[in-house]
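J.: So the protein sequences, as listed, match chains A and B.
Residue numbering for the first sequence follows the working numbering, starting at 1 and increasing by one per position.
Residue numbering for the second sequence follows the working numbering, starting at 1001 and increasing by one per position.
Calculated directly from the structure, the hints in this document are not laboratory data.
Positions of the beta carbon are idealized from the N, C-alpha and C atoms, including for glycine.
Keeping only pairs whose Cα atoms sit at most 20 Å apart, straight-line, the calculated SDA-like set for lysine to any residue is:
#  : chain 1 : residue 1 : chain 2 : residue 2
1  : B       : LYS1240   : A       : GLY390
2  : A       : LYS176    : B       : LEU1239
3  : A       : LYS213    : A       : GLU132
4  : A       : LYS387    : B       : GLU1273
5  : A       : LYS316    : A       : THR260
6  : A       : LYS176    : A       : GLY390
7  : A       : LYS387    : B       : TYR1262
8  : A       : LYS387    : B       : ARG1150
9  : A       : LYS387    : B       : MET1256
10 : B       : LYS1119   : B       : GLU1109
11 : B       : LYS1119   : B       : ILE1065
12 : A       : LYS176    : A       : TYR324
13 : B       : LYS1240   : A       : LEU235
Listing some non-contacts, in silico: residues in chain A with all C-beta distances to chain B over 10 Å:
#  : residue
14 : SER55
15 : GLN58
16 : PRO125
17 : ARG187
18 : LEU238
19 : VAL275
20 : ARG293
21 : GLY300
22 : GLY375
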Amino acid sequence: MKVAIFGASGFAGATLVEHLLGRADIETRALIHSSGNAWRLARTGAPMTVVDVTSPSQVSEALDGCTHVVNCTRGSRTVMFDGLKHMLAASKNAKIRRFVHLSSVAVYGDPPSATSEREEAPPLPAPRTYGEEKLQQDRMVADAAQAGLDCIVLCLPNISGVYSSFVCNVLSDMRKGSFGLVDGGLRPLNTVDVDNLAYAITLALHAAKGDGKRIFVTDGVGSTWKDLADALMPLAELSEPPPVISERALQSPPVERGETVSLWRSMKHLVSSDVREALRRDPLWAKFDGRLRRFAAAGGRNLEDRLRESIEGARKVAKVPDPYPYSSRYNAMQLRGVWHRIDRAHEVLGYKPPLDFTASTARFRLWYETMHGFGQQFWPLASVLNKFSGDGHKDRQS
Amino acid sequence: MNDSRFRLGLVGAGAATSALHMPGALASPHIVVAALADPVKARAEQLARTYGILPKIAERVDDIIPHIDGALIATPNHTHKDIALACLTAGIPCLVEKPLATSVPDAEEMCAAAQRAGKILAVGYTTRFRDEVVLLHDLLQSRHFGAVRRFHYQEGTVGGWSPLSGYIADRKAAGGGVLTVVGTHFIDRMLYWFGYPSSCYLLDDSEGGPEAHCLATFAYRNSGASFEGTLLLSKTAELKSGLAIDTDRGTIIFPMGRAPLYFEPRDNSRLREILSPRGPRAFPMDKSDAQLEIENFVAACRGEAVPMVDGRQGLLSVRLLSELYRSRRPLPEPWTLSNQAAGPST
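Extracted from the complex, chain A is given alone in its bound form (with noise of 0.2 Å):
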């Protein structure tokens, strides 16, 4: 089996390939957008070749010789789209005999309806979201099988484990202290440890049979965000676990109405003093509307400040709302009611999660300790940094 793997350097491409490195069965090829993300694969002195996905030559150049194909790609829109049409097409005509695209459980909207444990659960995503994005790449990868590429797709919840920065993200948020816990924090936590998303995968490459439809694939249910939170706790330094906020908290306060619009409004703008400013930089302007202030300034001050009265409005002062301290953005997301199951991966796959929720944050906390020095001799000075905002000196008003 020789494997090309699309998007190597990331975090779930980087963890396959480290996987699939000792071998002697796989031959791996790991392909690259550019080296400033290699870092980790660097280390390893893999050899890798840097591909642009948006390039069909390249494309199929890659694929040369290889027997299969995962595309663990993220990127813009074109890398999304072009990407993907360039690497299933690509991959028909290199005869690949097994094509693993990783969607998410995104597609199944935000948050998710109660039906989305099962893969079956019709995707809802709110249009010009990352999960509208993902199910048109679905789509994509259905419409290849459908024409005679075998495909599996998995689909993935927050990827957790060491290196993950969803995981240090809800760390540092809890630090700061802008992530708490929405109703106790007791709501379904779905993750996928990295190294149970490249065991999935390599089972993905030897299954029998792929059909291009969604196989979840997680750590498996129970975990909550509590649990997350009591496992970071530690890591934090926090003597108390994180707040406990309403589901009513996460509203939005009011947002103050814009301006309606109208004609007179515009014209109003466009002979404010803020575009003036920005005209009066073309010299031309600056004498045209030097010499109209002069004209308004022989009128007197009462002549001046009437007319700008009449041109700008009354001036108004902008409220200032009082800081809302849970900013973060996994907040939100524990309104995610929903454990996505893994019963269609243990029956297509063979799947289990080999880490459970417990050994995967035990593995994280091992990794976070080493990377940032936590515990060591420097951590009070390391810690002084982590803490460090230096925005305390800026004036509040300019």
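Could you slot chain B onto chain A? The hints should help.
T.: Just chain B now, kept in the frame of chain A:
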């Protein structure tokens, strides 16, 4: 054209030249970019078009030497020596991107060539061109904060700078990994602030390729001082960048970039002081680091200044990097799985 302008040759038309050196040179009224050399000629031509200039363009550095007064070498690290030797032997002073070279013998050869030629050899450590860096040096030298007890510097991003040639993924071409590519800037400043350490050792995660994460520890046991310092660098973990120094009087905090210096006195937990030099800044904030560095090089070539970092100082950095790599031990990775999750075999 003003004939008194310094004719600078840029060697290497990659990402650093495009983003930093070219705009830095063009911003200076004292300099004209007279030539560009790159083995991929089309890349140099494109760069000239991008900036709307008409320099002499060549694939080989030898071909631009007659047209320039000085060369700025921004090529993969392992090529610095040969290019600098070609220039210096021809009497052309050089500003070499950091690190000076990938080995101590190479750096020594470059310094010797500069000395023989009587020409300037400067090294591109741009982070020296900040008033706060000089201020911290002066305050430490005068023991303004009492004795230093410990320092810690950290810098970490997941990925980052991506040179066109991709040489940073090649241990031989870069001369090392994150320690060389990123850490060399701090090592240069560390040598400036604290001097050369009595001993050092390195833990890193290299498995044959360039290290992506490392922890260097330095011991200072010279002239009455006795303290340790650590340098934590990563290309695989986000670390809040900055330097913290524990002293008798309190903690100095120096975040990255052009941030001010802060001091938190030990005897007042509510107070944070901002330290800044009195009088006008030696390094104006409206000039980029690259412009300041190139102007310093040009002034040095004209005998009007000394290089901020000369070849000898660059050599010390290379020597310390080399010592660290020699002392290198593998970073423990207790989270590594045994092959339990390896999956089925074919």
